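Chains as they are written, first to last, in our numbering: chain A, 44 to 477; chain B, 1308 to 1765.
Please keep in mind that the hints were generated in silico from the structure rather than gathered at the bench. Keep in mind that this is a model prediction, so the values were computed, not measured. Where hints are given, some of them may not hold.
[What the hints assert, rightly or not] For lysine to aspartate or glutamate, the following EDC-like pairs were computed, each having C-alpha atoms within a straight-line distance of at most 16 Å:
1) B:K1378 x A:E204
2) B:K1378 x A:D233
3) B:K1719 x B:E1352
4) A:K126 x A:D322
5) A:K295 x A:D322
6) B:K1384 x B:D1374
7) B:K1599 x B:E1403
8) A:K333 x B:E1710
9) A:K295 x A:D139
10) B:K1385 x B:E1403
11) B:K1385 x A:D233
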Amino acid sequence: MQTIRMGIRNILRNWRHSTGSILSVAIGFSALTLFNGYISVVGELYEDNYRYRSMFGDVFIEKSKNDQPVDFEESRITPKEQKFLTEFFGLSGMVDAYVPMLIVSGMANNGRTSSIFWGFAYDVQDGLKMRMPSWPWNVRAGKPLDTLSAEHVLLGQNIAETFGCGTDSQERILTQIGGYEPRERPIKCDREKIQLNVTTAEGQVNATNLRVGALGGVGLRGIDSWYLMMDLNRAQQLYDTRDISHIRLRLKDSAQFHNFVSSFKSAAQQAGMDLRAFDWRDHILARVYKRTMSLFETFRNLVSLVILTISGMSVLNAMVKSVNERRREIGTLRSLGFFRKDIRIIFTTEGILIGFLGSLLGSLFSVGFSLIVNQVKFIYYAGFLTDPVPFLIGLHPWLYVVSLLILCTVAGLAAFLASNRTVKQPIPHLLTSV
Amino acid sequence: MFWKQIALATKNLGRNRRRNLATASAVILGYAGLVLLSGFVTRIEKFFRATSVYINHVGTLSVYKPDALEKHLLQPKKYVLTPDEQKSIRSIVAREFPEAEAVSSTLEGFTLIGNGCRTWPVRVLGIEPETEKWALSHPAVRSYSSEIIDARKGTGLWQHSDTTPIAVTAKVARNLGKTKIRSLSDQTQTGAASQPQSQDCAGAESERRIAQDTNVQLAARTFNNDFSAADAEIVGHYSSGLELLEESAAVVPLAALQKLYETDGVTNVIIHLPWGQPPENAAAKLRQALVKEGLSFNVHHYRELSVNPFYAGFMSLIYVMSVFFLTLAVSVVTLTVSDSMTMSVIERSQEMGTLRALGFRQKDITRMFAIEGLLLALLCLPAGFLIAYLTRALVNANDILFEVPGVSTRLKMTLMIDPVHCLVAGSLLLFVSTLSGWLTSYRNSRLKIVSLLNTHVS
């Protein structure tokens, strides 16, 4: 306590030096929290888009040899395997919701134009559970498939344009995490129906006519150019199969992921099922997400490195100055019986206190600045997201605490280094310093 | 007087060496960080630009019929450019842009590709083979998108005149079970184009036969809504560079696709201008020229979201992050320099008083501190650049690969230092450093001489 008291007193006594250092730490703190706050919001947007809007959940289960976003007969999950999975989910008690998916692809036409398509057929009621709580209403126009009959199809925003479908509604901006306002917006289509042509496993070409019931998609540029979703039973009739491509599931507690995967692995082995369960982020369909997050990390590391080094140098600068001016004081303390480590502790405490005060000041600025920016809602395109999004900065307490700890450590270390050389000098030498 | 102030400022920088060294390190590191970040962003931008403009035939400029960009797939017959329209556009382009490197046309549509047993839907682009030959050997492509060129297998469309060649992505070839690529030597053999046969689709023998045959069938609806089909030979596996397109993309000669769709029209005319030419001005110039000739066409450039969504969307995110970083880094450097200068000003209050007593005016004092800030930054920038340059050399020499979201292959980490970016970042740091020197000394310089001379600093 005595060293802390001395540290505070010294900061007050050398307030001019301390102010500069505190300001440097404050701006470093603000830079760290603002940049990381921004990155975290973009990351959350992407994650929300995958986990809820696209119904990726927590875990994917598919055949071991299936590692492509396309679908072949040999990589599908058979009804026998589906039964095993359903029973396992019930017994494990860890599954909150799951949705069976069948990948569909082929050629679509409305009598006037044709386009390739790729997408998913899924159990629409199970899908609704997977999208809860943030994306029950996953369509920009029309109504979600769970409120329509199996005769309907959901078209991605860009493929919809190819078929002359659109809406007058301008509500395209994802104003916050959690999708569109749940309200039916009318769809205008050149032709109400489209025909889907697919090739079955036996090489037979089958076709079905569906009504355009919704415009939506997965919100990712490129994919929405040919993306559609439809009812699972209808698609299975179309493909003349009862198989599915994979199952996605959400756990009651995401932290139970490893427990779930290991118990699934042993159960599947015991039952002789060639199935694997894995994190949704490791699926090939989530590669864009993974790479985007990796790019963000690179940026974050670069920013943190530069900012922390500059802030550290600033504190070091101030502390070196302070130590040099207080050489006689150090000599006096040593002659009164203070050990070298005591002197180091005094200066390190001073550095940590500077870090702490700077962080407090920085947090005030960061919170104020974030609130202002979040009110302005500058709109831009965030990489592969189809919809423009507002520029937001996240306010996460954990981020502030981590930044405070990092900056206090950096400031403490800088102060320790600044005092280390001086305290090693002999007492008479210190006392005679000018 | 000015030179005297510079001499004084230089002396003062040397006098407070230790503190200035710490301040300098902040400026050096900040500048090096900005230069390296700019090198990274430039690398990504050039890759996306070269890939989209040349490999994916977006061109620097593209000319469409009004609304065709949104509706050409919906009503292709209505929105294609007729031969007369193409001719008019080309003659205007030749007149207005004598510097244009190439002008060509593309036709875009959908088709099913079949192997006799299985069909696969693809988005097909009809291109002029000679333009492809030119584009693939373009220096920008060789320098910035070499990974995409390296991913290609087989031969180019322009090398096969005896048959209808088609290049598909490796994933489409895999989905069709086609591993063989038609080689140039196949041309000289009798009956060079393999013939489609009626096949038994079950069993390993069938799979082997499909794999060893380069023939595929294209099936599509014509622009008149009739069914149409054509044979083609897989002559190469290509990459669009964009992961999301790799599952379903193919390119064929423009003439072959026109024949399949029974049209003589094209979706657009694309113009390749020299690499560094700003597209916005060129697009405006072409629009004006078309209007002057009484032609109603839409002109787009490669930076537009509607024409080049991957480039525009991704670069938008990168630029936002970069500007954010720039702002933060400059703020931190400004404060560090200000901090150091404030200490210096406080310590040198008596000196300021003495100078004032000797006849220096207030503005001379502030100018001296501003020059100190300027000199400090001027000395730091070369050091920062040197650090960035050495880091760049180290990174570029080490063949580090990195992944870019949405790109189908890993890219070599090559930091590309752009002199203009260096100049802008340097100027910015010079400005803030000079301003810091001026601002911190301004208040003290206005104090009375007596007060300054009586200042005591602990």
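Each hint, compared with the structure:
A hinted pair counts as satisfied when its Cα atoms are at most 16 Å apart, and B:K1378 with A:E204 qualifies at roughly 7 Å. For a cut-off of 16 Å, the pair hint linking B:K1378 to A:D233 stands: about 11 Å separates their Cα positions. For the given pair, B:K1719 sits about 14 Å from B:E1352 by alpha-carbon distance, which is consistent with the 16 Å threshold. Distance check on the hinted pair: A:K126 and A:D322 sit about 22 Å apart at the alpha-carbon level, beyond 16 Å; violated.
A hinted pair counts as satisfied when its Cα atoms are at most 16 Å apart, and A:K295 with A:D322 qualifies at roughly 15 Å. Between B:K1384 and B:D1374 the alpha-carbon distance is near 13 Å, which keeps this suggested pair within the 16 Å criterion. Our distance criterion of 16 Å between C-alpha atoms is met by B:K1599 and B:E1403, whose separation comes to about 12 Å. The suggested pairing of A:K333 with B:E1710 holds, with an alpha-carbon distance near 10 Å, which does not exceed 16 Å.
Distance check on the hinted pair: A:K295 and A:D139 sit about 5 Å apart at the alpha-carbon level, within 16 Å; holds. About 28 Å separates the Cα atoms of B:K1385 and B:E1403, which puts this hinted pair outside 16 Å; it is violated. Of the pairs offered as hints, the one joining B:K1385 and A:D233 holds, with about 15 Å between alpha carbons and a cut-off of 16 Å not exceeded.
Violated hints, in rising order: 4 and 10; the structure is consistent with all others.
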